[in-house]
Amino acid sequence: MADKNEFETIAIPYLDSVFREAVALCQDRKKAEDLAQATFLKAFERFESFEKGSNCKAWLLTILRNKWVDQLRHKNVVGEVLAIEEEMIAEPQRNGETGWSDCQDLLESFSDEQVIHALKELPYEQRLSLFLIDVEQLSQKDVAEIMDVAVGTVKSRTSRARAILKKTLLSYAKDMGFIRGER
Amino acid sequence: MSHLTDEQLEEVIRGGPLKAGLEHLEHCAECKGRLAEKEALAGRLRSAFATIKPGEGLTERIRQQLNVGPRPLEHAHTIGFFNIRSHRREWSAIAAAAAVLIIGIPLIFYLGKPSSAAAAQAALVKIHENNLSVKHEFYSENDPEKLAEYFKGKLGFSPSMPRPGRGLALRGCCVAHFRGEIVGSYVVDTPEGVMSIVVVTDQPESLGMGGKFERGDWIFWKSYFAKCEMVTVRLGDYSYCAVGEISHKYLTELLVRLLPESQP
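These protein sequences, in sequence, are chains A and B. Using this note's numbering, you'd call the opening residue of the first sequence number 1 and step up by one each time. Using this note's numbering, you'd call the opening residue of the second sequence number 1 and step up by one each time.
Source of the hints: derived by calculation from the structure; they are not laboratory data. Treat the hints with care, as some may be off.
No more than 27 Å apart at the CA atoms, straight line, and that leaves these computed lysine-lysine pairs for DSSO-like [claimed, not checked]:
hint : chain 1 : residue 1 : chain 2 : residue 2
1    : B       : LYS227    : A       : LYS42
2    : B       : LYS32     : A       : LYS30
3    : B       : LYS152    : A       : LYS31
4    : B       : LYS212    : A       : LYS120
5    : B       : LYS249    : A       : LYS31
6    : B       : LYS227    : A       : LYS57
7    : A       : LYS42     : A       : LYS120
8    : A       : LYS30     : B       : LYS222
9    : B       : LYS32     : A       : LYS67
10   : A       : LYS174    : B       : LYS32
11   : A       : LYS4      : B       : LYS227
12   : A       : LYS4      : B       : LYS53
13   : B       : LYS212    : B       : LYS222
14   : A       : LYS52     : A       : LYS120
15   : B       : LYS212    : A       : LYS30
16   : B       : LYS53     : A       : LYS67
17   : B       : LYS227    : B       : LYS32
18   : B       : LYS32     : B       : LYS152
19   : A       : LYS4      : A       : LYS67
20   : B       : LYS227    : A       : LYS141
21   : B       : LYS53     : B       : LYS152
22   : B       : LYS32     : A       : LYS167
23   : B       : LYS32     : A       : LYS42
24   : A       : LYS42     : A       : LYS141
25   : B       : LYS53     : A       : LYS30
Among chain A residues calculated to face chain B with C-beta under 8 Å, some are [what the hints assert, rightly or not]:
hint : residue
26   : GLU8
27   : LEU15
28   : GLU33
29   : LEU41
30   : ASP112
Glycine included, each C-beta is placed from N, C-alpha and C at the ideal position.
The following block holds chain B by itself, in its conformation from the complex (with noise of 0.2 Å):
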């Protein structure tokens, strides 16, 4: 009596016609014993999966990336980042042209996405990203107070930074375009990644970030869009979004460091 192949019991386990070999089985212990180990290990690598799910924002994820289409990046714009040395002589050129980029770029921009909340999104990890891309000009320095200087000459006035060491060091910064504003944005290297402080006005609600949470005496909001993790805090009249392929838990912490010890 010849015993049946693994392929054979492939079939029977997949519940396939195979009346001979079910015969067969009946009388065989041998293969009735190969089919038992089969059919447990089948059933110990289907229980194995069972307790694996996606991460709670991934829904989310997906439904945003959805809402904005495809591309989603490509509605986010930015203009560049500008050399400290030469920027004094170029500076009402810039305010020229930034001027023109505030007329030109208008908010209809944003009116014809079903959620501009999403758009917001993009656009801040849009900046991220360019900040990111040596396709664009940036303004190099680890200094503190060379980046205060540069962000009180474009803005009129200097955002919260980050002291830099224990792991944390700028990397430099631009401004550019939010919701037809000019808003700034610095990039601080970390241990776990590099991540883009974008600094705007806009409430974080306005912004649709959805998960609101406390530290301490503060809050904070959170939201995912395309790979990058966001985590927003209200400071003064700014909201000051953390952006970057870096945990929430950790671009927290890197805000809490912006925080004053005084209650908000």
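So here's chain A without its partners, still in its complex pose (with noise of 0.2 Å):
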């Protein structure tokens, strides 16, 4: 039986680190603790295995991703579905790219709220790549590792997820009127 406060120590720090990783996925912050809670449980009953002075955080957000996977598995939407979303969404182009004039200014009269909710208009795995490299700031390879992936594949869909994020927060500016509707 693993050591409950052995576990409490090293693994319950990153408790913001995991609901917010949650809360990228989930589609409600009731969900996002449903899932937090069930990932420490998981991560209680493997704590055996986790190699003791490793990277805690990327074991305990690995733990959720597939947690979360199974769960969609069991709902039968991840497969193909997937899939077909990463094929249809082209990388958009970089010629006529929309420069923002203040990119800075115009950012920040987005609430959190609405920057999270552009984040989760993206397809799961741009949205994971992009939540646990810019927000989570791990490395390529721990991203990979956590989604079992190449780096290359990071890499591909962190630019992309980017490129949409922006993307879907131009169309925000544009409906609320902070910026007029040319490119």
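Combine the two chains into a complex, taking the hints into account.
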């Protein structure tokens, strides 16, 4: 049986990170709390296999990601749907790319909820890549391990995700009248 | 001169080893602008999540579940519901079975647990889950008087029940084992979900209800276990524990409807 005190000392400090990832993946806060809770219970069950001194945060985030994917599979929504999503959303062209004249100011005009909402509009693989890189500031190698893909895939997903996020926020900005309709 | 690709800029953002890229950036205003834009986006995303924190109770909930272990709900035992029409005929058999269960489920069941409070909460949640399970017999009855009659026969008293209406409807009731005693519980349909009220003799503190708060002249205790929220109030010789996947606030509102207008 794993040592509960040791587990709490090592793992609980990462609750904020685990919860943030759950928020990025789940539709609402309640589901995110449930997912975070389930993640810690699963991690405790597997704690004896955790290599002490290794990256506990990445380990927990991997468990959360797997748990979430399991939930989706259970609902039969993972699989070809994701593949189609990734194929359909082509990387935006750089020619004619919108230059935000006051990028920083424009970004600050969005509420936190709007930014998170825009992130949630991305396909989950891209969303998670961008979240882990930008918010949790993990290395591309760690993200590749968490998502069980090659580092090159993480790079392309992150890049694509950032471009789509920008496009989404631009459409919000137009809707709210922050910028005019031109590109 | 070819500009940096988006993926190369990602490398730069991550501080990756892209010496040639860094040299290019020094001389290319366009790529420098693109990099600044990507960095601003990353920074804004980070700041948006900086305010995201788990609820105060989540850490405690996780700790409670770690205390109980990965399968906390298996420690609770309930006995089934009874059909009111048949229960008179089966009364002696049921009473005998109940007596056997009381003797047969000793308190030692809880003594080995790291936290008897957590085990108590697990048992309360299990009673609620069984109340909703189709596998358990259920005394389906929405008439408070019939439910009261049922409880009187089983427990020797009739617990306080909310008056149906205004979105509330009684669904039925049962008796169950809790800490070696037979206790009663009933189910209420509410606009926010289904809850069980479990009536026990134990004091709220001994149930591990930590969050104490006042509402009018009454004192309430609240807690969480698994997905369920719990609010308890002491009324007479009994603790009324409202359990369900419903907010504390709403559970409290429902319990308030049980209370007499007089002071405790």
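Item to check | Proposed proximity, LYS67(A) with LYS4(A) (alpha carbon, max 27 Å) | outcome: 21 Å, holds
Checklist entry - Do the alpha carbons of LYS32(B) and LYS67(A) lie within 27 Å of each other, as the hint requires? => result 40 Å, violated
Checklist entry - Are the Cα atoms of LYS249(B) and LYS31(A) separated by 27 Å or less? => result OK: LYS249(B) and LYS31(A) at ~19 Å, within 27 Å.
Checklist entry - Against chain B, with CB atoms and a cut of 8 Å, does the hint on GLU33(A) hold up? => result This hint holds: GLU33(A) lies near chain B, its Cβ roughly 5 Å from the closest one there, short of 8 Å.
Next on the checklist: Checking one constraint from the list: CA of LYS32(B) to CA of LYS42(A), max 27 Å. Satisfied?
Outcome noted: Distance of about 44 Å is beyond 27 Å: violated.
Item to check | 27 Å limit on alpha-carbon distance, applied to hinted pair LYS227(B) and LYS57(A) | outcome: Since the Cα atoms of LYS227(B) and LYS57(A) sit roughly 24 Å apart, the hinted pair holds (cutoff 27 Å).
Item to check | Hinted pair LYS212(B) and LYS222(B), Cα distance within 27 Å | outcome: Given that 27 Å is the threshold and the Cα spacing comes to 6 Å, the pair holds.
Next on the checklist: LYS152(B) and LYS31(A) were given as a pair; does the straight-line alpha-carbon distance stay at or below 27 Å?
Outcome noted: 40 Å, violated
Next on the checklist: Between the alpha carbons of LYS42(A) and LYS141(A), is the straight-line distance 27 Å or under?
Outcome noted: 24 Å, holds
Item to check | Given hint LYS42(A) paired with LYS227(B) - CA-CA distance at most 27 Å | outcome: Status holds; Cα separation ~16 Å.
Next on the checklist: Hinted pair, alpha-carbon criterion (27 Å max): LYS32(B), LYS152(B). Please report holds or violated.
Outcome noted: 80 Å, violated
Next on the checklist: LYS174(A) and LYS32(B) were given as a pair; does the straight-line alpha-carbon distance stay at or below 27 Å?
Outcome noted: The given pair, whose Cα atoms are some 25 Å apart, holds under the 27 Å limit.
In the structure shown, a violation is registered for the earlier hints numbered 2, 3, 4, 9, 14, 17, 18, 20, 21 and 23, in ascending order.
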